[in-house]
Amino acid sequence: MTDPVTDPVTGPAHGGGTVLDVRDLRVRVDTARGTADIVNGLSYSVAAGETVAVVGESGSGKSVSVLALLGLLPGHARVSGTAAFRGRDLLAMSEAELRTVRGNGIGMVFQDPMTSLNPVLTVGRQLTEGLLAHGRAGGRKAARARAAELLADVGLPDPRGALDRYPHELSGGMRQRVVIAIALSGDPALLIADEATTALDVTVQAQILELVAGLQRERGTGVVWITHDLGVVAGTADRVLVMYGGRCVEDGSVDDVFEAPAHPYTRGLLGALPALHDEDGADGAPAERPDLVAIGGTPPPPTDLPPGCVFWPRCPVRGDERCATEQPPLVPVRGSGPVPHRAATFYGERLQQTEVGA
Amino acid sequence: MNGSGAQVRGVQQVRDPQDVLVRARGLQVHFPVRSTGLRRRRTGAVRAVDGVDLDVRRGEVLGLVGESGCGKSTLGNALLRLVEPTGGSVEFDGTDVTALDRRALRALRRRAVMVFQDPYASLDPRLTVGQTIAEPLQVHGLHPGAAARAARVAQLLELVGVDPAAASRYPHEFSGGQRQRVGIARALAGEPDFVVCDEAIASLDVSVQAQVLNLLRSLQRRLGLTLLFVSHDLAAVRHLSDRIAVMYLGRVVEVADAAELSRSPQHPYTQALLSAVPLPSPELERARERIVLTGDVPSAARVPSGCRFRTRCRHAFAPCPEVDPALQDVGGGHTAACHLHGVVGLEDPRAVRT
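Those protein sequences? They're chains W and F, same order as listed.
Under the working numbering, think of the first position of the first sequence as 144, with each following residue one higher.
Under the working numbering, think of the first position of the second sequence as 225, with each following residue one higher.
Hints in this document: simulated from the structure, not taken from any laboratory.
All residues carry an ideal CB built from backbone N, CA and C; glycine is no exception.
Hints may contain errors.
Simulated DEER-style distance windows between Cβ atoms [unchecked claim]:
hint, chain 1, residue 1, chain 2, residue 2, range
1, W, ASP463, F, PRO388, 31 to 39 angstroms
2, W, ASP167, F, LEU447, 47 to 55 angstroms
3, F, ALA331, W, ASP426, 39 to 47 angstroms
4, F, ALA331, W, ARG268, 32 to 40 angstroms
5, W, ASP167, F, ARG376, 53 to 61 angstroms
Covered stretches of chain W (in silico footprint by chain F; criterion: 3 or more residues with CB under 8 angstroms from a CB of chain F, positions within the stretch not fixed) [to be verified]:
hint, region
6, 308 to 322
7, 368 to 377
8, 393 to 405
Please build the complete structure, drawing on both the sequences and the hints.
What follows is the structure in structure tokens.
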């Protein structure tokens, strides 16, 4: 039994190196309306202690891409590619092997804590179940003590008392803390959070984000954070991957993607956000706010993706015929650091020279 | 103009700040809590709205923000008398709406309307979009005759940016953003003066949210609507609003001009709320000081004594558990309900920048 606590001399519990390496992940599903290409060739890696944010709107394929990694998609979904977790391909594992990895090597937190928690079991029962199943505690008593520790770690007041409570007796923020405690009970090397704070209020979200960042620093956990909220990304991620129509349209360090976005979709998303604070006008009073730059139209259905660039039908740049017929590859654009900044557009470098929203 | 700080911005016309369309005083909506068992005795109350004073000025956009359970939606409903207030008063254009009979209430329903969060749940799936929009016209006897109604429906669809030819289609054939446009068209059918938008953009994607925010803003200006924009999204509220009211646990704790509120929040809760909003800029995120509140919002069935925010307030001091602070002017029409204001020598709450 390894001690999950960080040793100050040897560093984080999970050491360095790549925790997850996804290559050319594809998910197809046959539907009544034809074949849906939900994820189309996604590649990324997550290093220990690193947070990679996967951003996209509904239907972009971001959630399906992680469900595919964990073997949680229904049987008729066709998944291809590789996903090496600490060197072993998740997509080639048997169900039994996957079950060991889920909850032991990989922790998961989903949007709605009520769907992750069993409403008729106490919090203590749900926490100890995993600890006992994965042999992480000697007996019931030890498991209970460990469960209380975990609840204390995630900042639940009165952790011992909480063990005997049912999920409905807790607030939304508290429930999500319990889900995080369960996810962390296996001392995972990788935490996957799918819209984990979306249903929470901003003040509670701030608590949860701080909690995860602290645990990550302490244990060197790699995190994949799936969200539609660009604010959450800016505050938590090291690297960002922007998804649209099942493809990665831009990736890079969080600074590069936010400060010099290259893909028209990323730029569109940033331009569509209302600002919280005002810029001062010439007379010192707040300047009149211009309209937001909305992206017209809606995303294409996965059963009917455009043959060229997936964003072309909504793209305000709309270069030429090439965009309509040829898929732009993910190519390097201007970036500032060691992490390559790439975008799947023919106009990246040119767009980077202008302001977002201009 | 009486010079008491009316903010005139951009193309908007000069307004008399005293011209109040909707006025709430001491407004209460308490829901009874009953014991289980046969007798179901009344054992307490959830104080969803608990003594709210609020003015909505004619022609303004008033943002109403707060977290889940703070009572903002109930307040919006109570102003339209879609829930019955249990205390206090609501005046709409000078008339007490809590005392209206059925007939007068119907007249109010034409002038004061609601746009709901989920356009899918609020549109009848068995009615075409045209029928849905025509319904309020029939109820209020407006544009009588099928041809006149159809013409009005087409006009309304055009107004919200939907192809009038779509009138014969059903809600499920529309995207979320289009459905919300239809919901707005229906709300505007009777040419209302006052529109409450209750989380009207919450279920939409970012790119579509921007479309609907732009639409609301342009409609409000073109039609001179008075808008109460209820939302948990502070940036969206800031974008759309002239003034913002902040709610916490059933009470309005701060009201100010929108730009002023985001720049210089005076209530410790507003400060924490603003500092918790994630900003889409890694640079700003690293630089900012975040006030992380501890604990949970107390239950509205057990409101703390004195100031209701004191259990989570980092500034709480002697008077807070004793005296319930009233909204008081902290300068230029900016009001906040906090004991820190008016006490000399304490840490200046204005020092916080979010």
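Verification of the hints:
Hint check: ASP463(W) to PRO388(F), Cβ distance near 34 angstroms, so the stated range 31 to 39 angstroms holds. With their beta carbons about 52 angstroms apart, ASP167(W) and LEU447(F) fall inside the hinted range of 47 to 55 angstroms. Roughly 44 angstroms separates the CB atoms of ALA331(F) and ASP426(W), a value that falls within the hinted 39 to 47 angstroms. For ALA331(F) paired with ARG268(W), a C-beta distance near 57 angstroms fails the hint of 32 to 40 angstroms.
Roughly 55 angstroms separates the CB atoms of ASP167(W) and ARG376(F), a value that falls within the hinted 53 to 61 angstroms. Only residues whose C-beta sits within less than 8 angstroms of a C-beta in chain F count toward coverage, and the region 308 to 322 of chain W has 4 of them, enough to reach three; the restraint holds. As drawn, the region 368 to 377 of chain W meets chain F at 7 residues by the rule of a beta-carbon pair under 8 angstroms; at three or more, the given contact holds. Counting residues of the region 393 to 405 of chain W whose beta carbon lies closer than 8 angstroms to any beta carbon of chain F gives 4, which reaches the threshold of three, so the coverage claim holds.
Of the numbered hints listed earlier, the single one contradicted by the structure is hint 4.
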